[in-house]
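Student: Starting from the known structure of chain A, fit chain B onto it as the hints suggest.
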Amino acid sequence: VTISRHEIVVLIAVLLLAAVVGAVNPGFFSFFNIFSLLKNSTVIGLFAVGFFLVLVVGGLDVSFAAIGIVAMYGTVKLALAYFPDAPFFLLLGTALLIGAVLGLFNGVLITSFRASSLIVTLGTLNLYRGFLLYFVGTETIRQVPRAITEFNRANVFTVTAGNGARVGLHASVLIFLAVAALIFLFLRYTTFGRSLYAVGGNPVAAQRMGIAVEKVEVFAYSGAGALAGIAGLLSAVTLRLANPQTLVGSELDVIAAAVLGGAAITGGRGSVVGVLLGVLLIVITNNSLIVLGVPATWQKMAIGGLLILAIGMPLLFRRVHVAEYFESAAHALKAKRAA
Amino acid sequence: MTAIGRHLDSRLITLVAAAIVIAGALGLARPDVFLSSLNINSMLLQSSVIGLLSLAVAVTMLTGGIDLSINATANLTSIIVALFLSELHQGEASVSVGYAIAGAGVVLGLVVGLFCGAVNGALVALLGYSPILATLGTMTLFVGIGTVLTAGNTLFGVSAFETLGRGSVAGVPLPAIVFLIAAMLLSLLLEARRFGFFVYLYGANETAAVFSGINARKLVLKVYVTSGLLSAIAGLLNLGITNSANVDFGSSYVLLAILIPVLGGISPSGGAGRILGVVVAVFILQFLSTGLNLVFQSSGSNFLKDFAWGATLLVVLAIDGRRHFWAARIAHFARTRQVPTSIQPGLSREIQP
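Heads up: the sequence lines are chains A and B, in that order.
Be aware that the first sequence starts at 4, since it is given in my numbering, and climbs by one per residue.
Be aware that the second sequence starts at 399, since it is given in my numbering, and climbs by one per residue.
Only chain A is shown next, with the shape it has when bound in the complex (with noise of 0.2 Å):
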């Protein structure tokens, strides 16, 4: 497995930014801190590894958070009408399958309307929550499947900590991680998804490959979906309520991540492992401007500075428009001082 110079700057950067918060806060290594940690980072990266198969095949998917809350909400109005006692993998299934369905729509509609990906994305978005909103309900649902409260106690590995407390690492990581490496498998070593890349750097390329672009790019959605109705069921898991106005807004987290992880928004470029360290990065930073001292109205400004920094990042490592420009600069001012 070779690891690219982004990802190992990525990394760097997790490290150092763990030091830091480290060093201001001791309990920051603790099993507790960690394990909580990765629980937050679950629904945001299974968000961003599907972002993150449509950018690589050069789509933009801003839908993600809608296709969670529905099929969420989804799933558990259904299960509590015809399945209340299903057990917990019969949930994912379903919440796989909503949101699969809605991405293979949104995938459908890019390809035969020809039309920006981010904009249908932005229609579906809004088409999605209103549905949802409007003519399935808004209210909170307390009383989930039991399947749900009972997930939501399964840790899979428990240590106790140093002053006795028994902690734990939670069951929905494992799902998180274990979807990341099939993606990671999945478009490392196997032809198909090779083509994705192949798509996203030059379709015109990949057709005359003799790749099916199109199906290629409506696979890509679809996998996109089910990732978020995956990621949607497992942020009920976390709260144990079903909540039809949460997780919309939370697409910046997700786009940042994918973004500082390396992937490349005009397609065919980046890796699972670097987006898994852009979620990291993204969910410690988060985690962390309260221990830092940063005072709460301050955060939104500080999470955007940082934003702006990590998209330039990329940027800055191809150097390729900094140099360009700073070449073309110099260029001007020989010029004049020639004239």
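If you're looking for bench data, these hints aren't it; they were derived computationally from the structure.
Treat the hints loosely; a few may be bogus.
As the list claims (entries may be wrong) - Only pairs whose alpha carbons sit at most 25 Å apart, straight line, appear in this in silico DSS-like list of lysine-lysine: (1) Lys703(B) with Lys337(A); (2) Lys620(B) with Lys339(A); (3) Lys80(A) with Lys616(B); (4) Lys339(A) with Lys616(B).
Tutor: Just chain B, lined up with the frame of chain A:
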């Protein structure tokens, strides 16, 4: 060139017809409500703010970019101006001093918009950020600055702009006049000036524009500054209309401000579309919005509106998509005199010739 002209005019005719049909249907269904001066006034007020934001997005779309920070810019403008005015307006001043202070507020607001637009433009044009990511980042940054300035509260009672927000000339509310003047100036700038010609050229073919000697960086920078200025004017109007300012105002406006230019015929990939179409689209959306309010007066009709806007956007895109499909077939026929059996138009949106 003429083909493009014809295409745009047919779009404009469709838009005007749609506006007349919708307004006519609403006028016939509920003449008492729809045609009341109160309703017309409130429609004009609402559409002026959203209209200016749509113009701000439209001008960036013409270069193939987008500006997601419009609403954040508008709110930041109204917050800074509100703070400035409440700072100065402590004592009761004479009328002329009041006008001077309000004028200073307008200038300050425009400077804020200029600054916000320049930040976006610098990121996109000078540093090579993708417009979506750059303006997403600055959106968060501007909202963050607004949050710091207001500590998350709403600022009330800034009355210096009351005349601007509530006043009217010959029965037409001032904000609507400001919007129409801004649209007219922008239209002139884009269609009768060299700057506008370059904007369309750059949007249609970036490479060709650069090779024909256009200073692309300066051009794009100017476009984002224009977008920031238009957003700032929207913020100033909003401050006058609502007499308050906060960071969360109109969070659903971003979608609307993207939907309206697309509906109005501005191509999201750049280089095509007219400001006049955007203006007509603003009124269509306003009629639809009022219509939905009249028919569904129940709670939660905001969510229905979200649904309706999403659906409208998709339908418009579908119609445009079909239009391109037929355009490709007709072009093929004109070239070869043969009815195409299967046609493979450009694959990706970006690489379409």
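Student: Is it true that the CA of Lys703(B) sits at most 25 Å from the CA of Lys337(A)?
Tutor: Between Lys703(B) and Lys337(A) the Cα gap is close to 57 Å, so the pair fails against 25 Å, i.e. violated.
Student: Between the alpha carbons of Lys339(A) and Lys616(B), is the straight-line distance 25 Å or under?
Tutor: holds (18 Å)
Student: Between Lys620(B) and Lys339(A), does the CA-CA distance stay at or below 25 Å?
Tutor: Cα-Cα ~23 Å, so holds.
Student: Is Lys80(A) close enough to Lys616(B), meaning Cα to Cα at most 25 Å?
Tutor: violated (54 Å)
Comparing the model with each earlier hint shows violations of hints 1 and 3; every other hint is respected.
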